[in-house]
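A.B. asks: Given the sequences, and given the hints that come with them, work out the whole structure.
4 protein chains.
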Amino acid sequence: MIKGDDYKQRIAKLKPNVHMGGKKIDRFDSRLIGGMNVLAASYDLAFDPEFEGVGVATSHLTGEKINRFTNIHRSVEDLLNKQKMTRLYCQEVGGCILRCTAADLTNGLSIVTSEADAKYGTNYYERFNNFLRKVQQEDLSIAAAQTDVKGERTLRPAQQKDPDLYLRVVEKKADGIVVNGAKAHNTASVHSDEIMVIPTRNMMADERDWAVAFSLPSDWEGVKLINVAFHPPQRRVLKAPYTQYGMVHTITVFDHVFVPWERVFLCGETELAGKLALLFALFHRHSYTGCKAAFSEVLTGATALAAECNGIDKASHVRHKLAEMMQIIDLIYASGIAAAMNANKYPCGTYAPDTNYCNAGRMLAGEHIYGEYQALAAIAGGLAATLPGEDEFLSEETGPYLQKYLMRNPKIPAETQYRAFRLFQDMMASAYGGHKLIDALHGGGSPVIERVAIYRDYNIEHSKNIARKLAGIPFEGTTKKIDRLSNAVL
Amino acid sequence: MIKGDDYKQRIAKLKPNVHMGGKKIDRFDSRLIGGMNVLAASYDLAFDPEFEGVGVATSHLTGEKINRFTNIHRSVEDLLNKQKMTRLYCQEVGGCILRCTAADLTNGLSIVTSEADAKYGTNYYERFNNFLRKVQQEDLSIAAAQTDVKGERTLRPAQQKDPDLYLRVVEKKADGIVVNGAKAHNTASVHSDEIMVIPTRNMMADERDWAVAFSLPSDWEGVKLINVAFHPPQRRVLKAPYTQYGMVHTITVFDHVFVPWERVFLCGETELAGKLALLFALFHRHSYTGCKAAFSEVLTGATALAAECNGIDKASHVRHKLAEMMQIIDLIYASGIAAAMNANKYPCGTYAPDTNYCNAGRMLAGEHIYGEYQALAAIAGGLAATLPGEDEFLSEETGPYLQKYLMRNPKIPAETQYRAFRLFQDMMASAYGGHKLIDALHGGGSPVIERVAIYRDYNIEHSKNIARKLAGIPFEGTTKKIDRLSNAVL
Amino acid sequence: MIKGDDYKQRIAKLKPNVHMGGKKIDRFDSRLIGGMNVLAASYDLAFDPEFEGVGVATSHLTGEKINRFTNIHRSVEDLLNKQKMTRLYCQEVGGCILRCTAADLTNGLSIVTSEADAKYGTNYYERFNNFLRKVQQEDLSIAAAQTDVKGERTLRPAQQKDPDLYLRVVEKKADGIVVNGAKAHNTASVHSDEIMVIPTRNMMADERDWAVAFSLPSDWEGVKLINVAFHPPQRRVLKAPYTQYGMVHTITVFDHVFVPWERVFLCGETELAGKLALLFALFHRHSYTGCKAAFSEVLTGATALAAECNGIDKASHVRHKLAEMMQIIDLIYASGIAAAMNANKYPCGTYAPDTNYCNAGRMLAGEHIYGEYQALAAIAGGLAATLPGEDEFLSEETGPYLQKYLMRNPKIPAETQYRAFRLFQDMMASAYGGHKLIDALHGGGSPVIERVAIYRDYNIEHSKNIARKLAGIPFEGTTKKIDRLSNAVL
Amino acid sequence: MIKGDDYKQRIAKLKPNVHMGGKKIDRFDSRLIGGMNVLAASYDLAFDPEFEGVGVATSHLTGEKINRFTNIHRSVEDLLNKQKMTRLYCQEVGGCILRCTAADLTNGLSIVTSEADAKYGTNYYERFNNFLRKVQQEDLSIAAAQTDVKGERTLRPAQQKDPDLYLRVVEKKADGIVVNGAKAHNTASVHSDEIMVIPTRNMMADERDWAVAFSLPSDWEGVKLINVAFHPPQRRVLKAPYTQYGMVHTITVFDHVFVPWERVFLCGETELAGKLALLFALFHRHSYTGCKAAFSEVLTGATALAAECNGIDKASHVRHKLAEMMQIIDLIYASGIAAAMNANKYPCGTYAPDTNYCNAGRMLAGEHIYGEYQALAAIAGGLAATLPGEDEFLSEETGPYLQKYLMRNPKIPAETQYRAFRLFQDMMASAYGGHKLIDALHGGGSPVIERVAIYRDYNIEHSKNIARKLAGIPFEGTTKKIDRLSNAVL
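Chains as they are written, first to last, in our numbering: chain A, 134 to 623; chain B, 134 to 623; chain C, 134 to 623; chain D, 134 to 623.
Think of the hints as simulated: they come from the structure by calculation, not from any bench. Careful: at least some of the hints might be erroneous.
No copy labels: a pair is met if it fits in one copy or bridges any two.
[Unchecked claim] Subject to a maximum C-alpha distance of 27 Å in a straight line, what follows is the list of computed DSS-like cross-link-like pairs (lysine-lysine):
| hint | residue 1 | residue 2 |
| --- | --- | --- |
| 1 | Lys198 | Lys357 |
| 2 | Lys136 | Lys198 |
| 3 | Lys136 | Lys613 |
| 4 | Lys537 | Lys157 |
| 5 | Lys148 | Lys537 |
| 6 | Lys544 | Lys283 |
| 7 | Lys252 | Lys305 |
| 8 | Lys141 | Lys156 |
| 9 | Lys198 | Lys267 |
| 10 | Lys283 | Lys408 |
If you're wondering where the values come from, they're calculated on a predicted model, not measured in any experiment.
C.D. replies: What follows is the structure in structure tokens.
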């Protein structure tokens, strides 16, 4: 386990391959620093005594203390603690903690590599465990590069005019493979030690070249990070934690990149490509039941603070709206608890949460986020948009006017009220805030995808049998046994 | 533990005090039999080997096997099993199992009676345990009589012109008390062995007469059950389980009724009246996370069956709608799991589920039920309303026309399709079905009540502190500790 | 123009062909009388001086005063008046006025028959006008028989195994045609003078036999009305207008029925079949902007009455809910006004309302009706379900208890409160009420159908051009002209 | 009537009083130019032959052609044309046209000044008409300064500790009055010729000082514009109309400002203060039925364009979502048509739209805007957030990668797809886009305000009477007459 400063020093050594504003920029460029601060927090918070028992786990490989983001879940309790850690940390940084992908990817790989070995006699699992040992010992951060750019949506990978529209193996060598393609929507890739590539979907028998998974240092030869950056507007004087953090995303180009075999974890096993894609999504959606609960809690707290500033915190329509937000927080978090309680234990010993509960919670989170912003905007009022900048609040000429005319709740100092509305404006009427809405809708899988998954995974015949039985229509099987109601592992 | 037939024989011995259609009617009147069949099922299902480990518990008083509806929850597992039993049984009868009140009332009383003793030196807890021992040994059913008729809603009990508008003690005697008043919306009171009365709300210091709890046999002297009954339309030929069940409700009048001391469990301890009211609501809402999940599952199964009959089960808008219904089921059930996992253990040893998770789930269930009916109606189509009766389907003159013209999915026999749409019509276009919507909205507490409770019980200052911290506004306390995220009892 | 009693006497002369309960029943059977009372009202209200200028129109054929239900719309004002009449009459009977189909069908036929003549040299329009003259002079009611039973939904009429699953011409004779098939969901057919058959959908070139429209007296040889009836529970003592009305629906079987040529209005002109289907739907949905507004007004009034009885009419959440209901009423009605203001005048002189505005309003109405019932149930509370029957309220033994314990708002007499809650129970917890929900969802076209129609009829390229222009993307055409914004006919 | 360039030259002559970034800035500062471009468009579009008959009106004072934004509505057709113009112009600039306040304020004043004269013998109406003549002849733009900063929300103006928290008259002189205070959320004040002040709410008899209305040139002595500016990110190469426009808002401070009597239109007539506030809101909400329909059309067009780029425009869930957006457009616009059709003609000859229809439409618009953004984000996908900047698209090193990997629909050139997603990012993930959401929620009155207004203005007793009549409960009055159903002025 290392600290945030150690992490930053390591990142400082990476070779420049981040493209932005038409040039290669330094990883410590001011536009990128917000994301790096978040990742640094993921290291420091593990040492915080207030989070004891949450942020630190014990490696099943070495028995040593490790940052929980590098842990393989070996029990229901591990899953519950990962969810809890994710929520608590996200509340600290006011948004995404950026590092859950490390755990979500490695847990998925632990299952799929061991299954590949069992099925095909490969030795992926040992190779993966060697890699994982290094991740745990060096406390590495890992960015996910899953979503292919996908070209024409109605065509499969092998049908695209340009075969690179899904990342693929273009050459196999004695010491490794050469891949070509690009992955989109890669969050925090510029601040991460490693970038891990996995398939975006299931693959057919003739799509072996596209069934590939591997991990590379983020500054590896041929890897190009074409970046876009978001962060709240910076402040000159009235500084606040919220504005220290940010998010960046890349289209990550792999231009004929060589990957040594010891970093390859799937290569041509088409039957397992889709499984790996789904398992990462599953672990990631379980993480979302933590982070989205936190994000909703931040919005709820902000909305309550707005009500207090406006002196309307006793109005019944305000309390009703806040109660709805609290309900959403609890339902999202509850779905993650239920998913953990109904976890499946795989032969390799890894615990994976229940799929439907994860999807139900993630779908709820995705569909409600616009409504939560609407609640904050509704209760904060127009000032969240029309608040003048801090220069106006601080200038000799206009400052006294704003001190006088921004006063609402007489129990709260003017500067506190100004700081509160500045937070609301930053959260909503900034590029960062606007982009967060889209991120919160799509990140980890859009609601429409969860909807499809929920239908697919539900035992609809069982439900129909219940109706058939009540209607006096013959049916096969029993209506009485239902999985996913109890916790087999309690 | 007894069987359904034993239960019915016991009910047959009750003295007639059920008023309906302008007269006293027999408890085996055809209008009432549906509810009795449900309660009988609650006895029989406990013996069903498919429900092993679910329906039977071990008494903490006697160590004997008891029907779980009479059990005091002594662990998280007890709470999870109660929730599970409730869901599974409700799926069998296609609606409310009618008996959860027995467990919900007694669990609430176990806490409040022991607290009263600790606080006031009373001996309610022993008295209650004696009563409970009898309930467990004789396997008694208990109907809840909580909701007072309440008169003018804006006035408190002591302020009403007519003091009886909240049930109250009108006389204290050496051997017991005399009560007067009425309780509304009492479900299944006519089929239950006992009727248990508890306060409907908190009481002020000057409202001692209204702070009263007791239990009486349902045919006790002076108890009058003014009844309304609902059941699906009965069938002559095409019989089905759904139509065997029903629900009845009474306004239960207590006309100067004497209650012996050994049946009195609260009498004047105003500070505990509200607590008992809330605890019953809490246990009951936790039960709802089971029964409402079941009710939604019945609706989902019916909707899927309708889609199959109509041959539209592959249409994407149909699958999306079904996925939404499945999501609701899982979120409701998940909230009950999370509530159990965050249970509080009281000094007497009783485990009570977390309040907010219960309220979040119950509120979701209440607010979505109309939408679920809408989904069934939308996918079933107009025939759910316009289906002719079974006489038309079976008659020589019109039967052949209906056999010909009701055919939709050619893979499903005409009679099966008829039976399916008959179920849909019974579920929606019947007095029973219409009343179920209202019942599912209000039973166990209306969404507006849960909304108020969620706001009241949430730690809103903690949420605000998270926002304050991010905004750079001073605050007191920590943002880092949050209860209700982990399971202290795992 | 005739009065309700004249109408009833005419109906009394119809030959018995209504099948219910396994036998042929009289049209004055108590189960059917509710619907007949509604139709009678459609005659009487036209004579009511309070509705002057609304219910009476002037025939463009004869210049005589006619009941507006038999009028062809010759101006925007006609459309506005028809909408207004529909709303006002529906408010009087507390639901569907049952007779709008007469106007909606004949207006559609006026356009299609004249277009057929122009295109094919037929003489349908004259034939239709002769029929219409009779309808106007004799003041006939006409039930619509549009929806075919449709068999397997994914197959077209000509592809069904059983060709009769869409009603079709099986023989052409010198003096007429012979048709076979059945139409479903035919409302008020048993009380109507005429039953008019039109196609349910567009027809392909090889589906000539299914492209047929005609009208027949409702007791015509070979027409069989297989009936289902709904009405509120009848009262013994506490009578009320609401319970006098009802609705019945038939599957109408045409078993090799002969139709004389003078009653045939389309026969084989496949290109016009879909147009007729859509035009009837269009006029009917415009009528819905009147009747659904009325139905929502009834629900809003009932909800406000419930709030008053419960003494919560000043609570802000109650007023917010009522405001939402009022908003829906106004939006539905506004869409009908806008549709009239953007009417198209056809060459024959008939005015048809704008399609998209009608669909927008009808879709809104359909999707919100469950929410309106939910609002009524939420504000009325559980008593809407659990209210005992009038026998209990009136009996000597239980009446005094109910008089005492049902008292809520002390300013309102007990009987008034009882009557109010009886209305709520009848509206929601009765077979009639439950069936009304389904009827209000699907009648005149389900929301999903309007959704499809809205997309189909919208000029999406124009919308995209607006976006393209703003994005600096080349496009063809102008962004500046938009139809349907102004009233060309003002 | 003047052109946009003439307008800009006039604005260039204004004295500097715009405060931003801690200093006084020029009105042609690049951060402000977007808003000025919009206002210039409001002048130029009136000369566009494609908008003939829409943008130009005839002055009832002079008979001359005037820009419709300076017109007093003298007929239903005027109201319909104003609504139409607003929609068409807003579609051209992709957002608010910024100038409707001119018409909305002057129409309100025409009514209130004439009523004041009738009631108090003042001569405001003549004074107002003199002012209006100048506005029409010089084609002036007028910004609204209505919303007071309001201090403690639960206190009335006269109760605030600081009496300036509502703008007020502090001195009356022979030649005019002196006012002190500030108005918040003043849009486009920095680009407007005039700033017009009206009350924000009703006033009590003891609040004469706060019942004041007047208009001043926007650079008048003592007027300070404390500004915040929003505009889409500017482009270096791939320029687009959308990015030329913007919005700015000020807190407008009136520091002991002198207003000559000829510019004072209300001063102490407390009974008319609330009426003026409501009338402006009314006309403004009617304008919103035009502009919000346009804004929704822009979002709908963008969403359809996104679907086309992504190749999913035939997916049924995409079409359903687009149909919902189309429905909202039509319902909003329909409510404005209905409001115009039910206009009230005031004694002075001004036509005001119906209140409830306006509120119903505005409330719908306000409550749905977040959902429309969500639809665009859902269908555009994550790329709307993660799209790299134009520098990356155009650079030699990364451009070819983006040209290759951003390709989706192979029928659409890469640059077009890039431009489309750039529009989506600018609309959503920019400070401008985020602020537009808040603006669209609150501008013209928040939904919660319309909700209150709808309830207040509805004839709820009439609705209750309908329910009472159906229930057999006595009532006073008739159920048969309903205003607002017909168009008295057709």
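A.B. asks: All the hints need checking, so say for each whether the structure fits it.
C.D. replies: Hint check:
no.: 1; hint: Lys198 <-> Lys357; result: neither (34 Å within a copy, 61 Å between copies)
no.: 2; hint: Lys136 <-> Lys198; result: within (14 Å within a copy, 56 Å between copies)
no.: 3; hint: Lys136 <-> Lys613; result: between (52 Å within a copy, 19 Å between copies)
no.: 4; hint: Lys537 <-> Lys157; result: between (47 Å within a copy, 20 Å between copies)
no.: 5; hint: Lys148 <-> Lys537; result: between (52 Å within a copy, 25 Å between copies)
no.: 6; hint: Lys544 <-> Lys283; result: between (55 Å within a copy, 15 Å between copies)
no.: 7; hint: Lys252 <-> Lys305; result: within (22 Å within a copy, 70 Å between copies)
no.: 8; hint: Lys141 <-> Lys156; result: within (22 Å within a copy, 38 Å between copies)
no.: 9; hint: Lys198 <-> Lys267; result: within (14 Å within a copy, 54 Å between copies)
no.: 10; hint: Lys283 <-> Lys408; result: within (19 Å within a copy, 42 Å between copies)
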